[in-house]
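Peer 1: Spelled out from the first residue to the last, the chains are:
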Amino acid sequence: MMTSSDQGASGLAAAMTFALLLLAPLAIAGLALVNAGLGRSRSAAQALLGSLAMMAATFIAFAGVGACFAGPGGSAVFTIAGKNWNWLGTGPVLLVHLDKSPIEAQLAVLFNCLAVALAALIPWGAGADRVRLVAGWLIAALLGAFVFPLLAHWVWGGGWLAQLGSNFGLGDGFLDNAGGATVHVLGGACALAVVWIAGPRRGKFPKEGLATAMPGHNAAYVLAGCMIALVGWLAFNCAGALLWLHAEPVSLVVTAINTLLAAGGALGATLVVTWVRFGKPDASLCANGWLAGLVTSSACAALLPPVAALFTGIVMGIATPLLVEFLELALSIDDPSGAVTVHFVGGLWGLVTAGVFAPQKGQLLAQLVGIAALLGVFLPVVYLLLKVLDRIVPLRVDPDGERIGMDLHELGGGAYPEFVIHRDESYR
Amino acid sequence: MKYAGLLVMPTGFFLAIAALILFPDPARRGLFVVCGLLVQVLGLVVTVRGHLLNRGETRP
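Chains as they are written, first to last, in the working numbering: chain B, 1 to 428; chain V, 1001 to 1060.
The set of hints was computed from the structure by calculation and includes no laboratory data. Take the hints with a grain of salt, since some may be wrong.
[As the list claims (entries may be wrong)] Computed, partial: chain B to chain V, Cβ under 10 Å:
#	residue
1	59
2	63
3	65
4	78
5	81
6	200
7	250
8	332
9	361
10	369
11	377
12	380
13	383
14	389
15	391
Idealized CB from N, CA, C, for every residue including glycine.
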């Protein structure tokens, strides 16, 4: 039976979670700015309008359909080898009776709404300058209604990944502090699928020679976006620790410090690597490094000691510029926002380190099983879903639209009407 | 090629799940989960190779 002090502590945690979640949209705003800045000037308005449209689509899709699959209230369970495998939530659609649900359930819906909006911006950034607004909107709706809720249920809704501890003695089950798996690895997998299906930007990989450099059009947007995103990330990580890991409010300071250390370590490492490699620090790669550090913290900030968080960030910061270059030059992956490296690889790295540094026995194995589910189920499913979507509603704009820019083609006006727009040939 | 790789990836996932069910021994279970992940990496490599652009051929 709950004592009055327990109720007081629970009420404090709920109030803190709610207050933190009101700051979490800053992560989405920051990422939207980064995506817009890393794209071309002739697609900037479409990129930002698209980000708003993605948010709207995910909110509606998740609230309307997704929440019933994600939540713990009612579940589809099957039994294998005497163990229950809880694989899907079966709650009410359209958030019926949400107002009468416990406060934790309401906060979980709010967290999930914001998390899926952040996840939807990841493929939108990867497909910058060529993916159509309507296609991006539909991708976000698919993510919000079906794909994200399934994973969120497995991880946060009492699903089989969360039960790996009780069913198989693997630590505390698969742990994801604030969306390392559900937001970033899933969003990164979606970004990879978008890049593969939509193909590279026109002129990116010429018939002969190296890939054409297409730098982001506004480094100030990108770097300001990184700073804004930090606030949102701190809020996400602390709210996630309270909501999903049931952390004590007093432990949130360490979670916040770990977030700062992971981001700071990653930025410092990327700064040094790009300085050594190119003779000067590279602003866009440093922004990618900063975000990659934040992404790793999403998976593990509440689970690690500060030194381990710093180490995690430094390793990701070293890997980020090298991976961005490798993906572009060796694998012909045209990813303007670096989403595959930052979110997909960064999220996976964070999940692994959460297992490596966890004191619980079997935690690393639980994390590896979770990663196997992400790679073995969600990457193929997302790819096939987007491939089918591409047949029905082509993801990529027609060549003429790409030539004149997404702003003029899709919106009828540019973000910077007084600027002279460069032709493709000017990049040669 | 790309679809073959995508089909290999769930195979690795099922290998990891089978390890959980079949092996109570932590060492053997861990080994099979790692093997499942390696199979997935193999599938990912095949998928990536399937998407590599052929320089000089069809490209936007």
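Peer 1: Evaluate each hint against the coordinates.
Peer 2: Against the structure, the hints:
With its C-beta approaching chain V no nearer than about 30 Å, residue 59 (chain B) sits outside the 10 Å limit, and its interface hint is violated. The interface hint given for residue 63 (chain B) is broken, as the beta carbon of that residue sits about 30 Å from the closest beta carbon of chain V, more than 10 Å. The interface hint given for residue 65 (chain B) is broken, as the beta carbon of that residue sits about 24 Å from the closest beta carbon of chain V, more than 10 Å. The criterion of a C-beta within 10 Å of any C-beta in chain V is not met by residue 78 (chain B), whose closest approach is roughly 13 Å, and the hint is violated.
Nearest Cβ of chain V to the Cβ of residue 81 (chain B): about 5 Å, under the 10 Å cut. The hint holds. A least Cβ separation of about 7 Å between residue 200 (chain B) and chain V falls short of the 10 Å threshold, and the interface hint therefore holds. Interface hint status for residue 250 (chain B): violated, as the beta-carbon distance to the closest one in chain V is roughly 33 Å, over 10 Å. Hint status for residue 332 (chain B): holds, given a least beta-carbon distance of 4 Å to chain V, under 10 Å.
Checking residue 361 (chain B) against chain V by beta carbon gives a least distance of about 8 Å; that is within 10 Å, so the hint holds. Interface hint at residue 369 (chain B): satisfied, since its Cβ lies 6 Å from the closest Cβ of chain V, which is below the 10 Å cut-off. The beta carbon of residue 377 (chain B) is positioned within 10 Å of a beta carbon in chain V (closest approach about 6 Å), and the interface hint is therefore held. Look at residue 380 (chain B): its Cβ gets to within about 4 Å of chain V, closer than 10 Å, so that hint holds up.
Given hint, residue 383 (chain B) at the interface with chain V, holds; its Cβ is 6 Å from that chain's nearest Cβ, closer than 10 Å. Taking 10 Å as the C-beta contact cut-off toward chain V, the hint placing residue 389 (chain B) at the interface is violated, the least distance being around 16 Å. With 10 Å as the threshold, the beta carbon of residue 391 (chain B) stays out of range of chain V, its nearest partner Cβ sitting at about 14 Å, so the hint is violated.
The earlier numbered hints that this structure contradicts are 1, 2, 3, 4, 7, 14, 15.
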